[in-house]
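Q: Here's the letter readout for the chains.
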Amino acid sequence: MSEYLKNIVETATSVFEGMSITFSHLFRKPVTIQYPDKTERPLTEMIPDRFRGFLKVDMEICTACLACMNDCPIDCIIIKTKKDETSATKERVLTQFDIDEAKCMYCGLCTEPCPTGAIHFTKEFERATEDINDLVFKFVPEGQVIVPYKAPKKEAASGGGGALDEAEAEETADA
Amino acid sequence: MQKLADLLIQKIPALQPVPVDFVYLGVQVVFALVMLMAFVAPFAGIVSWVERRIAARMMDRVGPNRVGPQGFFQWIADGIKSILKEDIIPTAADPILFRLAPYLVFAGMFAAFVTIPFSSGLIIADLNVGIFYLIAVTSIVVVGILMAGWASNNKYSLLGGMRSAAQIVSYEIPAGLAILVVVFLTGSLSIQDIIKGQGAYPWQWYLFDNPFMPVAFLSLFISSLAEGNRTPFDIPEAESELVSGYSTEYSGMRFVFFYFEEWANLYLIAAVGTALFLGGWQIPPEVKTWASALGGVVGFTLPHALEFATFFLKSAVIVFIIIWIRWTLPRIRVDQLMSLCWKYLTPFGFAASLGVAVWMVVFPQGVMSVRYALCAGAATIVLYFFYRVAYQVWYSRQPIHVNPFV
Amino acid sequence: MELNTEEMLLNMGPQHPSTHGVIRFVVKTDGEVMSAAVPDIGYLHRSIEKIAEKATYNGFMPWTDRVDYLAAMNCNVAYAMAVEKIAGIEISRRAEYLRVIAMELNRIISHLLAVGSLGMDIGAYTPFVHALREREKANDLIEELCGQRLTYNYARIGGVIYDMTPNWDAKVLAFLEQFEPLLNEFDRLLTDAKILKKRLGGVGVVTAEEAINYNLVGPNLRGSGVKWDLRKDMPYSVYPELDFEVPVGTGEAGVLGDCFDRYNVRMKEMRESVKILRQCFERIPAGEYQVKVPKKIRPPAGDVYVRTESTRGDLGVYLVSDGSDKACRVKFRCGSFNAMSIVEKISRGMMVADLIAFIASLDIVAPEIDR
Amino acid sequence: MTLEQIQKKLAEFYKGIAIELIEGVKHPVTQAQTGDSCLVVPADKIKDICKTLKTIEQFSFDCLSNLTAVDRKDRFEVVYHLFSYKHRHSLTLKAVLPRDDSAHIETVEGVWSCANWLEREVYDLFGIKFDNHSDLRRIMLPDDWIGHPLRKDYKEEEDYHGISTTRPPLLS
Chain A
1 MSEYLKNIVE
11 TATSVFEGMS
21 ITFSHLFRKP
31 VTIQYPDKTE
41 RPLTEMIPDR
51 FRGFLKVDME
61 ICTACLACMN
71 DCPIDCIIIK
81 TKKDETSATK
91 ERVLTQFDID
101 EAKCMYCGLC
111 TEPCPTGAIH
121 FTKEFERATE
131 DINDLVFKFV
141 PEGQVIVPYK
151 APKKEAASGG
161 GGALDEAEAE
171 ETADA
Chain B
1001 MQKLADLLIQ
1011 KIPALQPVPV
1021 DFVYLGVQVV
1031 FALVMLMAFV
1041 APFAGIVSWV
1051 ERRIAARMMD
1061 RVGPNRVGPQ
1071 GFFQWIADGI
1081 KSILKEDIIP
1091 TAADPILFRL
1101 APYLVFAGMF
1111 AAFVTIPFSS
1121 GLIIADLNVG
1131 IFYLIAVTSI
1141 VVVGILMAGW
1151 ASNNKYSLLG
1161 GMRSAAQIVS
1171 YEIPAGLAIL
1181 VVVFLTGSLS
1191 IQDIIKGQGA
1201 YPWQWYLFDN
1211 PFMPVAFLSL
1221 FISSLAEGNR
1231 TPFDIPEAES
1241 ELVSGYSTEY
1251 SGMRFVFFYF
1261 EEWANLYLIA
1271 AVGTALFLGG
1281 WQIPPEVKTW
1291 ASALGGVVGF
1301 TLPHALEFAT
1311 FFLKSAVIVF
1321 IIIWIRWTLP
1331 RIRVDQLMSL
1341 CWKYLTPFGF
1351 AASLGVAVWM
1361 VVFPQGVMSV
1371 RYALCAGAAT
1381 IVLYFFYRVA
1391 YQVWYSRQPI
1401 HVNPFV
Chain C
2001 MELNTEEMLL
2011 NMGPQHPSTH
2021 GVIRFVVKTD
2031 GEVMSAAVPD
2041 IGYLHRSIEK
2051 IAEKATYNGF
2061 MPWTDRVDYL
2071 AAMNCNVAYA
2081 MAVEKIAGIE
2091 ISRRAEYLRV
2101 IAMELNRIIS
2111 HLLAVGSLGM
2121 DIGAYTPFVH
2131 ALREREKAND
2141 LIEELCGQRL
2151 TYNYARIGGV
2161 IYDMTPNWDA
2171 KVLAFLEQFE
2181 PLLNEFDRLL
2191 TDAKILKKRL
2201 GGVGVVTAEE
2211 AINYNLVGPN
2221 LRGSGVKWDL
2231 RKDMPYSVYP
2241 ELDFEVPVGT
2251 GEAGVLGDCF
2261 DRYNVRMKEM
2271 RESVKILRQC
2281 FERIPAGEYQ
2291 VKVPKKIRPP
2301 AGDVYVRTES
2311 TRGDLGVYLV
2321 SDGSDKACRV
2331 KFRCGSFNAM
2341 SIVEKISRGM
2351 MVADLIAFIA
2361 SLDIVAPEID
2371 R
Chain D
3001 MTLEQIQKKL
3011 AEFYKGIAIE
3021 LIEGVKHPVT
3031 QAQTGDSCLV
3041 VPADKIKDIC
3051 KTLKTIEQFS
3061 FDCLSNLTAV
3071 DRKDRFEVVY
3081 HLFSYKHRHS
3091 LTLKAVLPRD
3101 DSAHIETVEG
3111 VWSCANWLER
3121 EVYDLFGIKF
3131 DNHSDLRRIM
3141 LPDDWIGHPL
3151 RKDYKEEEDY
3161 HGISTTRPPL
3171 LS
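Chains as they are written, first to last, in this note's numbering: chain A, 1 to 175; chain B, 1001 to 1406; chain C, 2001 to 2371; chain D, 3001 to 3172.
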């Protein structure tokens, strides 16, 4: 009999307690961020700096060292260079730099070895496209050719070297 | 209803030759149509919006606020959407029963609104067996649900249908017993008489008439929750187990009929509770005399309007409590559901009816001191509850924010 | 006429609201009571272990997030520690502390989802959304640290990739400050609810011997009363310097080792993680966060078995290297795999609703089972 | 108990059987032992050795922490990681099997029930058969899958039931 009464009393008190908690929630501010149109602060402010959005390559400072292409675990970066017969010094030029952002898993292994931080993440993620081929970003415009960036000697000395400096370089490019 | 019909006959001479009974019938049918179309259907829709907003605020969310001002027309949008949706009938389903089930569920629910009063005069049919008719009609819903569960030829629906049949049938007993207790006090089955037997002030309500009445009210409330398939008894369509029970195979407007029934049922549970225990549409006599003394059309309509307002307010409070329970408590298992019904609610029902019978023999006129004591008890519980809510708000150390339309 | 009542074969899954991922249960029931619930796994099998043989040691790190995406940090660190042990790489103390901070924050995130979804599976929707609200705040903190909310890819062989952002520790401490009262409120709303105690008490009882025999680990093992936590009993990283208790099931809502115990152990473990985080922020030394590691790591040919305490228990990484820059074999031994293997034995004679509560209390995650 | 003691103790129980102890690999530069050392056990005696390891009080390895296989191109190695909650010591057992489809070994499901699923996974991914296992069938892959993926010489089928298993690369 006492078990019977204990059940009733316990149910009553725990329901009472639970109800008071949910009722108290009526006096709290909802936490929903009403993306996309009613967000209090502009979107880019709410996204942290290290956010790994779409990849972007800053072609001015890309030295075509192919470090990112080799380090990508799923090979979604393709860089093609060729000898440039027209110019006198016959140095290499970039003819193709494609990143398949549909296959990319945004792991960030390509941004680490980049000596000059050319390849880095942006805060942009809203890019739904009808055709999946639109998600292949071509950073060398069709038909044109880009001359890779040669860091001046003084800077080059400090630019190279092990993981720590690259992370530093990458850090600065990112912040 | 008679006064309204007689008024109509004097005003419109063309109605003179028509036999009087046909005119009464015509007025009742028209009033029923108007009441269903203008009050119950929109009420079910608005309650769906209110429930989603309350649920959202209890979960620190916002809830629908895009369609219309603060999302008020969300339910119209849902209605139109579901009408436009493709209405799939599974090939292996039993064609006739599958199509018939929602209408049975719908009819069972709407037929019950015939005896629900709105004010002293406004009632479709003041049957002298009002409350008995109401219990009988709502069990047609069980047939509809079973039919839906069986006809959709899907294992989950079958399980859902079986569970809901067992649940609704077995919870008729405690509900009936609780209503029996009220009928003891009034001596009549008609809902208008039950309400007339109570007064406007809380100590005149049946709820505080004697110490057994709160027990009867709680057991009626819990068992009508179970009959309405509301949490913590929403086992037939337990999303997490049976995907959505008997309404799994339904789509489009047929699916909405089931949910329409559930939200309309909310008002039915609240109306029965208010009419039987909380003094229905009773307003203080002074207010009534003052209102009718205003004379003319206003004098005729104002008392009824005030009566309807009190009835609707009390029902709205109960509807809020039902919604609020749904978003607080977890679901109980089927065997616990059965043991709750047979081991707890039914014994309470018998004890309450025995107690009230003895009470009425010992104190034919009832004891005012007991009524005041019960009123005071209820008041302290409510006060302690609001103290507890204040403690929760303080304990969570979150800023207080009251504006519901954020 | 004898009524033939043959058993109904119910197909629960692979797409079902409460199987926590893509798992199928072939359930034989007559009415409510089940005679057997045979799990059928493999729907999420991506053969991560085959990819490990093709990707280099450094390149395989993003896949370790996908082994158990609710505890990505724990898998990252387990794999990184395995490679560091076989290659003999010592990492700096600051990196160790950064890893422990990220792992404990990850444990809170994962337990919040486990506890919340258990509430939702037995019908209480509000506590689930409260748990998710807190989880989102913690996710924001981790996103600020490493850039992603789910697949962190934060650990590297030789340390971690980033240091803390300037006042990140202040933000985490502020989060912990407002997290504890809300956790207590969640406790009062769900744990003390009599209906929950009735639904979980005495359901799915796993005795200590069965737990060890089926090699259940983590909260599932501690729920059955075995006081075993790798962070305490086989300490690694900087855990010896941190003091925290190991909560164990007590059988307060029925029998020792039932669903309620496993659930309650997770609730208490979150409080321990908060304590650990606070101590870590006090003790974290300055210094570099990543040791200089050769570009192509070529560990000597041998094998190593490293065990760490993930949110779902003892996550073992068995790494076999053959001297080349690609692993010869990597095997993740995960807690959910064995937890799922015990379902068939315990679920005999249970009701359908209990099976759902039992699966939720085991906190299994489909990717970890199928890898 | 250290590995040497376990080996000595085991040798007493199994006179004629060669139980070889292999030291963990040494780091080329620092000569510290970075790999794990293990006991290599003859494949046909695995069930009895596991039973003794579990029942004898000094060992009491009551938990099979991990059971997996490694394809070493010329041989299969079935690896057992055992652990004892009582004495808190662990042990790695290895059994060497010939590398062909007929590779089979005795099941240890009787000793630890968690071996049931672990062995099914090894059978599914490597093709090593476990004698008188309760229901030896594939656990991860569909039952009609051809080949065992974790073998080094595994070639994936072009398509499975008409669904192609490769996606044309977007990059040209």
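Please note that the accuracy of each hint is not assured.
[Said to hold, decoys possible] 30 Å max Cα-Cα, derived DSSO-like pairs, lysine-lysine:
(1) D:K3047 x D:K3094
(2) C:K2197 x A:K103
(3) C:K2050 x D:K3073
(4) A:K83 x A:K150
(5) A:K80 x C:K2326
(6) C:K2050 x D:K3086
(7) D:K3026 x D:K3129
(8) C:K2275 x D:K3086
(9) A:K6 x C:K2345
(10) C:K2227 x C:K2292
(11) D:K3155 x C:K2050
(12) C:K2085 x D:K3094
(13) C:K2171 x A:K38
(14) C:K2137 x C:K2085
(15) C:K2292 x A:K150
(16) A:K29 x C:K2050
(17) B:K1155 x C:K2345
(18) D:K3155 x C:K2296
(19) D:K3129 x C:K2345
(20) C:K2085 x D:K3152
(21) D:K3152 x C:K2232
(22) C:K2295 x A:K153
(23) A:K150 x A:K138
(24) C:K2326 x C:K2292
(25) A:K80 x A:K56
By construction, these hints were calculated from the structure, which means they are not laboratory data.
Q: Next, verify each hint and record whether it holds.
A: Hint check results:
A distance of roughly 13 Å separates the Cα atoms of K3047 (chain D) and K3094 (chain D); the hinted pair therefore holds under the 30 Å criterion. About 47 Å separates the Cα atoms of K2197 (chain C) and K103 (chain A), which puts this hinted pair outside 30 Å; it is violated. Restraint check for K2050 (chain C) and K3073 (chain D): satisfied, since their Cα atoms lie roughly 15 Å apart, inside the 30 Å limit. The suggested pairing of K83 (chain A) with K150 (chain A) holds, with an alpha-carbon distance near 16 Å, which does not exceed 30 Å.
At roughly 26 Å between alpha-carbon atoms, K80 (chain A) and K2326 (chain C) fall within 30 Å of each other, so this suggested pair holds. Between K2050 (chain C) and K3086 (chain D) the CA atoms are separated by roughly 35 Å; this puts the pair beyond 30 Å, and the hint is violated. For the given pair, K3026 (chain D) sits about 33 Å from K3129 (chain D) by alpha-carbon distance, which is inconsistent with the 30 Å threshold. With a C-alpha separation of about 29 Å, the suggested pair K2275 (chain C) and K3086 (chain D) falls inside the 30 Å cut-off, and the hint holds.
With a CA separation close to 33 Å, the supplied pair K6 (chain A) and K2345 (chain C) exceeds the 30 Å bound. The hinted pair formed by K2227 (chain C) and K2292 (chain C) fails the criterion: a straight-line CA distance of about 39 Å is larger than 30 Å. Under the criterion of a C-alpha separation no larger than 30 Å, the hint pairing K3155 (chain D) with K2050 (chain C) is consistent with the structure, at around 12 Å. At roughly 20 Å between alpha-carbon atoms, K2085 (chain C) and K3094 (chain D) fall within 30 Å of each other, so this suggested pair holds.
Between K2171 (chain C) and K38 (chain A), the direct Cα distance comes to roughly 25 Å. Compliance with the 30 Å bound is thereby established for this hinted pair. Pair hint K2137 (chain C) plus K2085 (chain C) does not hold up; C-alpha atoms about 34 Å apart against a cutoff of 30 Å. As the CA atoms of K2292 (chain C) and K150 (chain A) are separated by approximately 26 Å, the hinted pair is consistent with the 30 Å bound. Of the supplied pair hints, the one linking K29 (chain A) and K2050 (chain C) is violated, its CA atoms being roughly 49 Å apart against a limit of 30 Å.
For the proposed pair K1155 (chain B) and K2345 (chain C), the alpha carbon gap of about 24 Å is at most 30 Å, so the pair holds. Of the supplied pair hints, the one linking K3155 (chain D) and K2296 (chain C) holds, its CA atoms being roughly 27 Å apart against a limit of 30 Å. Straight-line distance between C-alpha atoms of K3129 (chain D) and K2345 (chain C) comes to about 24 Å, which keeps the hinted pair within the 30 Å bound. With a C-alpha separation of about 25 Å, the suggested pair K2085 (chain C) and K3152 (chain D) falls inside the 30 Å cut-off, and the hint holds.
Of the supplied pair hints, the one linking K3152 (chain D) and K2232 (chain C) is violated, its CA atoms being roughly 38 Å apart against a limit of 30 Å. Taking the CA atoms of K2295 (chain C) and K153 (chain A), the gap is near 24 Å; set against the 30 Å cutoff, the hint holds. For the hint pairing K150 (chain A) with K138 (chain A), the CA-to-CA distance comes to about 22 Å; that is within 30 Å, so the pair holds. Pair hint K2326 (chain C) plus K2292 (chain C) holds up; C-alpha atoms about 19 Å apart against a cutoff of 30 Å.
As the CA atoms of K80 (chain A) and K56 (chain A) are separated by approximately 17 Å, the hinted pair is consistent with the 30 Å bound.
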